[in-house]
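Chemist: Listed below, chain by chain, are the residues.
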Amino acid sequence: MASTTLSRRRFLAFSGVAAGAAALAACAPPTAPAADSGGMTAESVTVSTALTWEAAFQTTQQEFDANFMEENPDIILEPVYNTWSDHNQVVPTWAAADTLPDIIYVHGSRAFPWAFEGITVSMQSHIDADPGFNVAGVWEEALRLYRFEGEQHGIPYDHGPIILGYNKDIFDAAGVAYPSEDWTIEDLVETSIALTNTEGDIPIWGWRGDMPNFGNGTNRNMLNTYGANLYNDEETAIELDTPEARVAVQIWVDLIHKHGAAPTPAESEAFEQNAWIAGQCGMSLFASWSTPTQYAFANYAWDVAPWPAGPAGQSCGSFGSGFSITKNSGNPAAAWRFLSSYLSTEGMEFMWGSSGRGSPARADAYQSWLDSEPASDNAHYFLHALENYAVTGRPYQTLAAPQLLDITGRYQTLLRSGEIDVESAITGIVEEANAAFADAAERMS
Amino acid sequence: MTASVPARPVKRLRTLQQREERDFWIAILPWFLGLFLFTGGPVIASLVFSFTDWTGLNLSGFIGFKNYRDLLVEDLVFWETVYNTFYYTFGSVLLGTLGALFVALLLNQNLPGTYFLRLIYYLPSIASGVAISILWIWLFNPNVGLVNYLLVKLLPIDTGPAWLSSQTWSKPALILKSTWGIGANMIIILAGLQGVPQSLYEAARIDGANAFDEFRNVTLPMLSPVLFFVIVISTINAFQILTDILVMTQGGPGTSTYMLVYYIYQNAFQYLKMGYASALAWILFTIILALTLLQLWGSRRWVYYEGAT
Amino acid sequence: MAQMQDTVAPGGIPARPVAPWWQRASKRRILNMTIIYLLVLPGAVMFLIPLLWMLSTSLKESRQIFVNPPVWIPNPVVWQNFTDGWSAYLPFNTFFVNSTLITLNNIVGNLFSCCLAAYGFARLRARGRNVLFGLVLATMLLPNEVLIIPQYVLFTKITQFLKPWWDYYTPGGILWMRYLSWLPMMVPPWFGFPFFIFLLRQFFLTIPLDLDEAARLDGASSWRILIQILVPLTKPALATVVIFAFIGNWNNFLMPLIYIRAQKEQVLAVGLNQFRGQFGHVDFHYMMAVSLIVLLPVLLIFFFGQRIFVQGIALTGIKG
Numbered sequence: 001m002a003s004t005t006l007s008r009r010r011f012l013a014f015s016g017v018a019a020g021a022a023a024l025a026a027c028a029p030p031t032a033p034a035a036d037s038g039g040m041t042a043e044s045v046t047v048s049t050a051l052t053w054e055a056a057f058q059t060t061q062q063e064f065d066a067n068f069m070e071e072n073p074d075i076i077l078e079p080v081y082n083t084w085s086d087h088n089q090v091v092p093t094w095a096a097a098d099t100l101p102d103i104i105y106v107h108g109s110r111a112f113p114w115a116f117e118g119i120t121v122s123m124q125s126h127i128d129a130d131p132g133f134n135v136a137g138v139w140e141e142a143l144r145l146y147r148f149e150g151e152q153h154g155i156p157y158d159h160g161p162i163i164l165g166y167n168k169d170i171f172d173a174a175g176v177a178y179p180s181e182d183w184t185i186e187d188l189v190e191t192s193i194a195l196t197n198t199e200g201d202i203p204i205w206g207w208r209g210d211m212p213n214f215g216n217g218t219n220r221n222m223l224n225t226y227g228a229n230l231y232n233d234e235e236t237a238i239e240l241d242t243p244e245a246r247v248a249v250q251i252w253v254d255l256i257h258k259h260g261a262a263p264t265p266a267e268s269e270a271f272e273q274n275a276w277i278a279g280q281c282g283m284s285l286f287a288s289w290s291t292p293t294q295y296a297f298a299n300y301a302w303d304v305a306p307w308p309a310g311p312a313g314q315s316c317g318s319f320g321s322g323f324s325i326t327k328n329s330g331n332p333a334a335a336w337r338f339l340s341s342y343l344s345t346e347g348m349e350f351m352w353g354s355s356g357r358g359s360p361a362r363a364d365a366y367q368s369w370l371d372s373e374p375a376s377d378n379a380h381y382f383l384h385a386l387e388n389y390a391v392t393g394r395p396y397q398t399l400a401a402p403q404l405l406d407i408t409g410r411y412q413t414l415l416r417s418g419e420i421d422v423e424s425a426i427t428g429i430v431e432e433a434n435a436a437f438a439d440a441a442e443r444m445s
Numbered sequence: 001m002t003a004s005v006p007a008r009p010v011k012r013l014r015t016l017q018q019r020e021e022r023d024f025w026i027a028i029l030p031w032f033l034g035l036f037l038f039t040g041g042p043v044i045a046s047l048v049f050s051f052t053d054w055t056g057l058n059l060s061g062f063i064g065f066k067n068y069r070d071l072l073v074e075d076l077v078f079w080e081t082v083y084n085t086f087y088y089t090f091g092s093v094l095l096g097t098l099g100a101l102f103v104a105l106l107l108n109q110n111l112p113g114t115y116f117l118r119l120i121y122y123l124p125s126i127a128s129g130v131a132i133s134i135l136w137i138w139l140f141n142p143n144v145g146l147v148n149y150l151l152v153k154l155l156p157i158d159t160g161p162a163w164l165s166s167q168t169w170s171k172p173a174l175i176l177k178s179t180w181g182i183g184a185n186m187i188i189i190l191a192g193l194q195g196v197p198q199s200l201y202e203a204a205r206i207d208g209a210n211a212f213d214e215f216r217n218v219t220l221p222m223l224s225p226v227l228f229f230v231i232v233i234s235t236i237n238a239f240q241i242l243t244d245i246l247v248m249t250q251g252g253p254g255t256s257t258y259m260l261v262y263y264i265y266q267n268a269f270q271y272l273k274m275g276y277a278s279a280l281a282w283i284l285f286t287i288i289l290a291l292t293l294l295q296l297w298g299s300r301r302w303v304y305y306e307g308a309t
Numbered sequence: 001m002a003q004m005q006d007t008v009a010p011g012g013i014p015a016r017p018v019a020p021w022w023q024r025a026s027k028r029r030i031l032n033m034t035i036i037y038l039l040v041l042p043g044a045v046m047f048l049i050p051l052l053w054m055l056s057t058s059l060k061e062s063r064q065i066f067v068n069p070p071v072w073i074p075n076p077v078v079w080q081n082f083t084d085g086w087s088a089y090l091p092f093n094t095f096f097v098n099s100t101l102i103t104l105n106n107i108v109g110n111l112f113s114c115c116l117a118a119y120g121f122a123r124l125r126a127r128g129r130n131v132l133f134g135l136v137l138a139t140m141l142l143p144n145e146v147l148i149i150p151q152y153v154l155f156t157k158i159t160q161f162l163k164p165w166w167d168y169y170t171p172g173g174i175l176w177m178r179y180l181s182w183l184p185m186m187v188p189p190w191f192g193f194p195f196f197i198f199l200l201r202q203f204f205l206t207i208p209l210d211l212d213e214a215a216r217l218d219g220a221s222s223w224r225i226l227i228q229i230l231v232p233l234t235k236p237a238l239a240t241v242v243i244f245a246f247i248g249n250w251n252n253f254l255m256p257l258i259y260i261r262a263q264k265e266q267v268l269a270v271g272l273n274q275f276r277g278q279f280g281h282v283d284f285h286y287m288m289a290v291s292l293i294v295l296l297p298v299l300l301i302f303f304f305g306q307r308i309f310v311q312g313i314a315l316t317g318i319k320g
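Residue numbers (this note's numbering), protein chains in the order written: chain A, 1 to 445; chain B, 1 to 309; chain C, 1 to 320.
Since the hints were derived computationally from the structure, they do not count as laboratory data.
Below, a list of computed lysine to any residue pairs in the SDA-like style, where the Cα atoms sit at most 20 Å apart:
(1) A:258 - B:166
(2) C:163 - A:45
(3) C:163 - A:46
(4) C:264 - A:46
(5) B:66 - A:442
(6) C:157 - B:36
(7) A:327 - C:157
(8) A:327 - C:153
(9) B:66 - A:435
(10) A:168 - C:64
(11) C:157 - A:98
(12) C:27 - B:111
Kindly generate the complete structure, drawing on both the sequences and the hints.
Modeler: Structure below.
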């Protein structure tokens with residue numbers, strides 16, 4: 001027994017020494033350390049891009065990448081696929097360890113905070129030095145989102161307005177004329193009431209029950225048309241506490257609770273896409289980027305119309321997504337060469353236009369999208385909105401933006417379910433939002 | 001071993017006790033190393049960061065207890081979040097443990113089909129994730145959802161609650177949903193039931209015990225270490241609920257389903273207030289620690305260890 | 001299934017024929033059974049709903065998924081969702097191999113490290129043991145969300161340090177650890193997992209200590225006691241650990257999403273989530289079809305684990 005113990009102890013001692021020696025050996029650099037990744041093939045550089053496409057769309061990306069690499073043999077493209085909903089968590093994590101890919105997808109709502117935190121870098125010098133890249137051809141409303149301290153920190157690939165979508169089957173069944181170009185919000189309200197029929201086995205509502213989300217999109221459609229503003233132009237305070245805002249919010253609340261022409265959340269909740277996609281609502285707010293999902297899942301005839309005007313005229317929100325070069329890019333010049341091609345008119349037409357994937361952020365690439373399979377007959381009204389009355393809504397220049405969206409979103413759900421009245425919702429939003437603004441001001445100072 | 005090995009004084013482990021102590025350290029060595037190498041650093045880092053204004057990327061400096069003070073004094077939703085978390089934890093641990101125990105006792109019988117039934121009860125725990133959470137939104141639909149359909153059939157009521165779209169019923173809805181995950185606890189309890197010696201039941205039967213006596217005097221004491229585990233782990237898990245909220249309610253309606261880890265997630269990755277999120281996490285840590293210690297202390301009264309040392 | 005075992009003896013030699021259970025069963029047993037089934041079956045139906053919904057969705061055209069009232073029986077039945085989902089867009093065969101390698105490694109690693117640690121905490125007396133066990137519990141209490149970034153930074157520093165050596169000495173990987181990006185997932189399981197340590201400790205504590213003491217007096221080492229006494233007696237618990245470790249690693253999503261970049265190194269859970277697109281778009285039909293295929297190994301492990309449960313019953317005779 002004693003000798004076994006002894007031998008075991010000796011063995012442990014030996015293995016300890018061996019492990020230490022191995023560790024020492026490991027600390028000595030290999031005689032011929034692997035070359036830097038850039039030096040593998042003489043001149044080629046690798047450009048990695050974090051994308052958020054679902055599996056079925058990745059084939060389009062592969063096709064584009066193959067063509068690009070054929071024309072640019074010195075660049076090797078490496079796509080990194082994130083899921084869209086997790087991207088906003090993964091990017092800050094990568095950034096903390098300085099392992100960001102060269103290029104990342106940036107949703108419009110992240111453009112400001114990520115530029116502020118230094119995740120994305122200015123692309124202005126590349127843009128200025130690249131005569132082949134027609135930056136003026138990109139919608140100004142889209143570029144504005146990605147501008148930080150006067151310089152572009154990103155270029156949008158998709159930009160679309162939020163207008164009116166309608167279910168043709170429901171209009172036809174009720175014998176009501178489709179929404180027209182000269183509609184006002186009063187027409188929308190009256191038609192919603194006329195279309196509503198909740199007596200049958202499957203209830204039908206005229207209006208989906210959208211509310212101003214008080215965020216950067218729909219408040220233009222639902223508040224601005226009544227002359228109300230959500231935030232001041234400096235994005236330092238909330239301006240919801242006005243008579244115009246009260247009138248405007250009340251209209252959308254009444255559609256649900258007074259007229260019963262829109263489902264309460266309790267009535268509409270079914271899957272993520274709710275009663276509209278299930279074909280139970282006559283009309284809904286409809287953004288250009290909803291088109292692919294609508295095309296894939298809606299089992300009825302549908303189309304779009306201009307967003308109706310209010311007493312203060314016509315207005316709607318618009319928003320988009322883009323790509324930025326990151327602080328960790330080892331080859332920003334090569335990364336820009338890729339983006340310059342990817343976000344050119346031809347690139348946008350190939351990737352998002354003719355694939356029907358999204359409304360391109362360039363006017364001259366728009367037609368390819370309008371001609372694509374998923375775009376509806378009257379999709380040109382999106383273009384019409386961008387050219388005439390779409391504005392990228394605030395906030396997009398404050399660190400408080402995500403928090404403001406959460407705060408206003410909370411009150412929005414309560415208004416929709418009727419658990420709060422307009423007056424107390426506005427009071428609550430003002431109190432909480434101003435606290436968030438104050439906190440953001442402190443962080444940004 | 002040859003004699004040529006230089007004689008080195010070997011400290012003999014004279015007693016069994018000393019050897020046992022040495023073996024203890026060897027046994028826990030992998031875990032202990034892992035704690036040092038992989039866990040300790042990040043844990044300490046998060047504690048340090050809770051005293052800073054770290055955004056996850058940039059840090060301008062230490063700000064003392066400001067994060068903690070802001071949370072406890074100024075934050076408009078923090079206390080609501082704490083209340084919601086306790087509400088949910090209490091409900092889901094209670095229903096989850098009792099439900100799992102009940103099903104495990106029924107399925108511990110050696111009857112035809114029990115393999116299959118165990119699998120069915122375990123399925124929702126495996127088939128989880130985002131897609132299934134979306135299914136629940138539909139099941140809880142007040143008008144066409146299955147939950148209310150059954151309630152109206154079984155109970156003398158005309159309409160069921162509005163569940164996920166009501167501030168009153170959103171938390172009970174999440175609790176109800178969590179009971180579909182009792183499969184994991186059921187598996188642990190089943191494993192525990194396999195370990196109860198049949199001889200004890202035979203002895204009890206000779207003493208004329210009925211089924212309830214058997215349960216109370218044999219099953220429950222023998223199962224208590226496992227039940228204790230189930231309760232502690234369920235509490236920890238319930239406190240850390242996140243996915244269901246992200247997919248099903250996003251904290252709403254209003255703030256009725258704002259829970260601590262959801263709020264941590266929002267602060268950390270949506271608002272980029274990592275220092276604030278770390279402070280929240282350490283407050284959460286303190287709360288669960290207190291509860292766990294309470295459970296440990298309470299366990300002395302009801303947990304019976306056959307192999308206590 | 002249990003009845004099948006009764007009629008076939010080990011080694012496949014036909015045993016004495018036994019009457020089917022409904023003839024052997026006593027009246028009391030039948031009454032018991034009826035009560036149990038009445039209690040368990042309605043719940044079982046409720047618990048089957050997610051699976052049925054997955055099955056139904058996996059066979060639908062996309063436009064049938066959201067119609068109201070919901071359609072449970074797809075028309076037409078689209079079997080192609082399974083083949084397209086599996087191989088038309090993403091290399092699920094590769095993901096499958098990768099997930100299998102990582103999962104098996106982690107199960108073995110967890111069994112090894114957690115058995116040892118649990119044994120220490122449950123059976124070996126030492127000073128400071130309770131404090132250290134408190135640390136095991138404490139590490140479970142801090143929410144992962146605030147640890148993700150520091151841990152990612154730490155693991156990234158380690159892998160960046162290792163990279164030159166890895167590329168030089170082992171460009172093809174070490175055994176089943178094929179890629180450097182897998183190390184953050186495959187190494188920590190060998191260093192314990194608090195949940196399993198706690199679980200196994202509780203089960204070890206249900207075994208009478210007399211067994212250890214007797215063996216120790218006979219000169220058995222601590223390790224022999226663990227392997228020859230405790231492990232055989234806690235097979236159901238070990239099977240539980242295997243089942244949980246399998247599912248936990250098989251479904252692990254966030255770690256590979258953050259650590260793995262290249263599609264050829266990616267795993268099933270991330271591949272599945274790539275059926276989710278932007279702005280809440282989800283290709284449910286593909287996602288559910290592939291989910292069902294991915295579920296199959298889990299079901300196999302579960303049935304395999306259940307057999308160990310039954311063996312556990314046979315062994316309980318020597319306990320207590």
